[in-house]
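Protein chains: 2
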Amino acid sequence: MTYRAPVADMLFTLRHVAGLDRLAADGLAPELEGDMAPAILEEAGRFAGDVIAPLNRIGDKVGSQLRDGVVTTPPGWREAYKAWTDAGWNGLTADPDFGGQGLPQLVQAACVETWNSASFAFALGPLLTAGAIEAVKAHGSEHLQQTYLAKLVSGEWMGTMNLTEPQAGSDLNALRAKAERAPDGTYRIFGQKIYITYGEHDLTDNIVHLVLARLPDAPAGTRGISLFLVPKFLVNPDGSLGDRNDVRCHSIEHKLGIHASPTCTMVYGDEGGAVGWLIGEENRGLACMFTMMNNARLNVGLQGVAIAERAFQQALHYAQERRQGRAPGYTGEGMSPIAEHPDVRRMLLRMRAQTQAARALCYRVAEALDRAHRETDPAARKAANERAALLTPIAKAYSTDIGVEVASMGVQVHGGMGFVEETGAAQHLRDARIATIYEGTNGIQAIDLVQRKLPLSGGDTVRGVIAEMRETVNAVAQSNAPGFGKTAERLRDAVDSLERATAFMMEALGARPNDALAGATDYLKLFALALGGASLATKGLVAADDSGQPARIASARFFAEQVATEAPALERAIVDGAGAVGDGALVLVA
Amino acid sequence: MTYRAPVADMLFTLRHVAGLDRLAADGLAPELEGDMAPAILEEAGRFAGDVIAPLNRIGDKVGSQLRDGVVTTPPGWREAYKAWTDAGWNGLTADPDFGGQGLPQLVQAACVETWNSASFAFALGPLLTAGAIEAVKAHGSEHLQQTYLAKLVSGEWMGTMNLTEPQAGSDLNALRAKAERAPDGTYRIFGQKIYITYGEHDLTDNIVHLVLARLPDAPAGTRGISLFLVPKFLVNPDGSLGDRNDVRCHSIEHKLGIHASPTCTMVYGDEGGAVGWLIGEENRGLACMFTMMNNARLNVGLQGVAIAERAFQQALHYAQERRQGRAPGYTGEGMSPIAEHPDVRRMLLRMRAQTQAARALCYRVAEALDRAHRETDPAARKAANERAALLTPIAKAYSTDIGVEVASMGVQVHGGMGFVEETGAAQHLRDARIATIYEGTNGIQAIDLVQRKLPLSGGDTVRGVIAEMRETVNAVAQSNAPGFGKTAERLRDAVDSLERATAFMMEALGARPNDALAGATDYLKLFALALGGASLATKGLVAADDSGQPARIASARFFAEQVATEAPALERAIVDGAGAVGDGALVLVA
Chain A
1 MTYRAPVADM LFTLRHVAGL DRLAADGLAP ELEGDMAPAI LEEAGRFAGD VIAPLNRIGD
61 KVGSQLRDGV VTTPPGWREA YKAWTDAGWN GLTADPDFGG QGLPQLVQAA CVETWNSASF
121 AFALGPLLTA GAIEAVKAHG SEHLQQTYLA KLVSGEWMGT MNLTEPQAGS DLNALRAKAE
181 RAPDGTYRIF GQKIYITYGE HDLTDNIVHL VLARLPDAPA GTRGISLFLV PKFLVNPDGS
241 LGDRNDVRCH SIEHKLGIHA SPTCTMVYGD EGGAVGWLIG EENRGLACMF TMMNNARLNV
301 GLQGVAIAER AFQQALHYAQ ERRQGRAPGY TGEGMSPIAE HPDVRRMLLR MRAQTQAARA
361 LCYRVAEALD RAHRETDPAA RKAANERAAL LTPIAKAYST DIGVEVASMG VQVHGGMGFV
421 EETGAAQHLR DARIATIYEG TNGIQAIDLV QRKLPLSGGD TVRGVIAEMR ETVNAVAQSN
481 APGFGKTAER LRDAVDSLER ATAFMMEALG ARPNDALAGA TDYLKLFALA LGGASLATKG
541 LVAADDSGQP ARIASARFFA EQVATEAPAL ERAIVDGAGA VGDGALVLVA
Chain B
1 MTYRAPVADM LFTLRHVAGL DRLAADGLAP ELEGDMAPAI LEEAGRFAGD VIAPLNRIGD
61 KVGSQLRDGV VTTPPGWREA YKAWTDAGWN GLTADPDFGG QGLPQLVQAA CVETWNSASF
121 AFALGPLLTA GAIEAVKAHG SEHLQQTYLA KLVSGEWMGT MNLTEPQAGS DLNALRAKAE
181 RAPDGTYRIF GQKIYITYGE HDLTDNIVHL VLARLPDAPA GTRGISLFLV PKFLVNPDGS
241 LGDRNDVRCH SIEHKLGIHA SPTCTMVYGD EGGAVGWLIG EENRGLACMF TMMNNARLNV
301 GLQGVAIAER AFQQALHYAQ ERRQGRAPGY TGEGMSPIAE HPDVRRMLLR MRAQTQAARA
361 LCYRVAEALD RAHRETDPAA RKAANERAAL LTPIAKAYST DIGVEVASMG VQVHGGMGFV
421 EETGAAQHLR DARIATIYEG TNGIQAIDLV QRKLPLSGGD TVRGVIAEMR ETVNAVAQSN
481 APGFGKTAER LRDAVDSLER ATAFMMEALG ARPNDALAGA TDYLKLFALA LGGASLATKG
541 LVAADDSGQP ARIASARFFA EQVATEAPAL ERAIVDGAGA VGDGALVLVA
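Taken in sequence, the protein lines are chains A and B. So in my numbering, spot 459 of the first sequence is number 459, and the numbers just go up one at a time. So in my numbering, spot 448 of the second sequence is number 448, and the numbers just go up one at a time.
Worth flagging that the hints you see were computed from the coordinates, not collected in a lab. Backbone N, C-alpha and C fix where the C-beta goes; we use that ideal spot for every residue, glycine too. Some clues are possibly wrong.
Not everything, but these chain A residues come out facing chain B in the computed CB check (under 7 Å) [as the list claims (entries may be wrong)]:
#1 Leu-256
#2 Arg-345
#3 Thr-376
#4 Asp-377
#5 Gly-415
#6 Gly-416
#7 Ala-426
#8 Arg-512
#9 Asn-514
#10 Ala-518
#11 Asp-576
#12 Val-581
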């Protein structure tokens, strides 16, 4: 069973939940006139399904291999990457001045999803390149932009992000990599970086490393970190490749999943110092990093959606083919397809509803990013920016959490077959498992949401989002469409819980930060359940008005009645979290 | 970080939740006089930690290998297995007439847990042998018992279970393996069996296969299945090994986890028929299988507990060593151990509380099995038997579900390190993943609970268990011990939900089976949350009366306030399940 992009649901979600139609109506998406969006998605889906998806299993089996400092990607990967960049997919949202197509994030979000469904490990490399493009574009000098941007946008070169060191993971205060000023205005970089995704490989002739390091006179902590561009090969004035730079891949990790994505330990400056160029200002490197954080986190959220979609398709296909037992009421011959058994159907419906809810959350963030860039009114830009900031940690954490859950359920639907690697279901679980960890663990996302995002505009941002959910709930309550069941009732409970939990959090934040932090993860999930439920309900309402597609209503109902029901439980856990979690001295004794 | 058996918690749970003290007071455990139970557990724990646990990683890395029909276990495994059987651990509960020690299941349960914590793949083989012992003991002829039991009890030979065929997994109706009567009273067996755990290996000189097959004149369906004993080597009258039997390992699976446990495709009768002996009566093979089902399912539940305990220990150790950031209120120097961060502590507490709740559920089943065998009053035996039958699917499914969840959370606590195989956290997740599938998927457990177990004694069995939970809740409500927080309140909500959901299920079962089946999985979880919460509360009450160990109260509180809070949500999902899940025709269209 190969992968087929769910173009219909992607488009429906883009148009009716993420506001692609409104964006166009507001004149903010002139590139998408006519049938541009569907055409792009159809073509991306075809490429993903036909060219990339077949490479996913060999990518897992063979993996990327390091020998004598050279990393070799799995058979077929170089060719696929070249075909993908030749077709122009790398530069979809990039500045047309550097060869990009300047399309909205909304369209890109759907494309990122489809590349990752086809092969998570394949699609991961270009995500890092996208971050490098953004950093160089926003903060790089004219010289750096002219030298690197066009090649990065075309995908002829790839980019990396070098943050982590053994002692500095979630906490970059502890960063030790050093940078020294050279007389010619460049820098020399020294140090070791770990977990560098696609730090070394054979997909491109050059690799553009973005590296965080400290200058000798830098202040301690994160206010003393600078960002440098360090190419694998120096670039001559005519754009040709020059000397090999003093950076090498020391080893690659043996990982649970994404075997084809080389996770490298990189060593800088072993032979006198790697030549680097400052990006932005000295000691302001973290700010440069943060400008691309939202986008990278959205992309990781989309990886969660992607792996869930892939796992769902595979499980559904299996459950419709595999026959065991006879489901009550089954009228066919012999054994039923296992999809007919209520418990298996419950699993499939849960997989689908959660995948679609996560998709809606991610696409909503993409829309907010588009408005933040495209609105002409500064107030509207600010509002959109804050909305993106608020929703990004939710989209990242919820989507990657359900990525793991849905992939695991996919294994379960396959029964014994799911545990056998040849089936492919287990690979999705292994691949999915990284996404809750990298680009800020989901615990960090929850803390970010509670500490930094709830206070935005004094709470008006979050209250605005909740108010919109209420409108949706009211619309469902007033809808006469059959099939919604208790959707309105259950979603109202969820939004009520979210509202009370939000008030609790805002109050706790100042006086009792530990109380807020103890419940942060549950709060993020509660937010996702309410907003995810409202998003599916929105789709159900449009479907009811429109062609009456009952599957969309059924999905909204399933989410509200079977998934979002957890909301009041989360509220209780949040409010009580301080007592249960707080007494640290006692609770961790056996 | 190696594994240390949690002997204190095991014993406390055995004594105060699973009623080991009561069993002894009732004169039903004469073997456990004095300090026998703690002595056995200490010794088992030492053996598990010192001898088995160090082999777990190489077992994963090298795995069992098939070459020319011969399966070789990983380096060190033969020696460890020999040392383990030499120490007498294989025959702990077996009949002393055949060299066993006749100890209660309660003690065995704790030992099974500790072997599986040390190495899931290692401990799995003896679990199959235990099933074979039970079947031969209960249904085998005098000849079979004399020929095989002593060797199986000592562990000199191992046993296997051969049920599954490609078309017959959860549904044994579709079984096709054939048996023919031979003139000498033996049988000839033909057919292919898949997923045969330890079907071939080098740990023992002989392997005793128990095989389900059909006689030529057998009725269709499961009433036409017979059980046969098929040894790898025929056994001469003097007990020495004779000819190689016509059974061979065709291939072994490449699996997500438990790499050291060879999962074999076995071929019977390719060269004229494998010689087999009937166990029990013709066409009654499934009944023979079912006599050992409860026990095997309990053991798989214990595997869930075991892997959760191992993952928890590893994560706790890491979180106390690894330093990142500064937790609010942390007063030490430099960065805090990550265990000080509320979100990490929440994960650790959740891991521990769920592990301990699952342990309590499994040990409760073991106690019921002991009483079912040891009570002298027939009514008491029947009641205990039904209690074991009721609780077994709950213990199996909940424990293995949390095994996966806890192991996954263990990966999360490790951050990026968790995704790197050398750390070992990922192996626990991979190993744990099988336990929700085999020995009856957890969906099958839920169906068994609802369809077969709730109706026992007209519902009196389940009502009795719920009534006991109420007593515990009332005792917590009346306790003056500090630290319980809202434990009583939350548990009362959970028991109320369970009681209403039970009434709903009993009512739906007859008239609307699909409605009951749609909510079966959620119902099982609800039951486990209420009973798990009550079990931890029982421990907390004893601790409060006793030495006031605050960690036990804290764990009870955490479970009640942060985990069992989901109970009302599950009740809602169960009652609404029919509508949301039921409309199968619509809901699986994209």
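Hint validity - Arg-345 of chain A Cβ closer than 7 Å to any chain B Cβ: Holds, because the Cβ-Cβ distance from Arg-345 of chain A to chain B comes to roughly 6 Å (cut-off 7 Å).
Agreement of hint Thr-376 of chain A with chain B interface, Cβ distance less than 7 Å: Violated, because the Cβ-Cβ distance from Thr-376 of chain A to chain B comes to roughly 38 Å (cut-off 7 Å).
Restraint satisfaction for Ala-518 of chain A [CB to CB of chain B, less than 7 Å]: Hint holds; Ala-518 of chain A Cβ to chain B Cβ min 4 Å, cut 7 Å.
Restraint outcome when Leu-256 of chain A is required to lie within 7 Å of chain B by C-beta distance: Holds. Min distance 4 Å.
When the least beta-carbon distance from Asn-514 of chain A to chain B is tested against 7 Å, hint result: Nearest chain B Cβ about 5 Å off; hint holds.
Given hint Gly-415 of chain A near chain B, where the shortest CB pair must fall under 7 Å: Given a least distance of 6 Å, the restraint on Gly-415 of chain A holds.
Cut-off 7 Å, beta-carbon criterion: hint that Asp-377 of chain A touches chain B: violated, 38 Å
Interface restraint verdict for Val-581 of chain A against chain B (beta-carbon cut-off 7 Å): Nearest chain B Cβ about 5 Å off; hint holds.
Restraint outcome when Gly-416 of chain A is required to lie within 7 Å of chain B by C-beta distance: holds, 5 Å
Arg-512 of chain A as an interface hint toward chain B, with CB separation required under 7 Å: Hint on Arg-512 of chain A: violated, closest Cβ of chain B at ~9 Å, above 7 Å.
Chain B contact restraint on Ala-426 of chain A - CB to CB distance below 7 Å: holds, 4 Å
Hint check: 7 Å Cβ-Cβ cutoff, Asp-576 of chain A to chain B: holds, 4 Å
In this structure, the hints that do not hold are numbers 3, 4, 8, in rising order.
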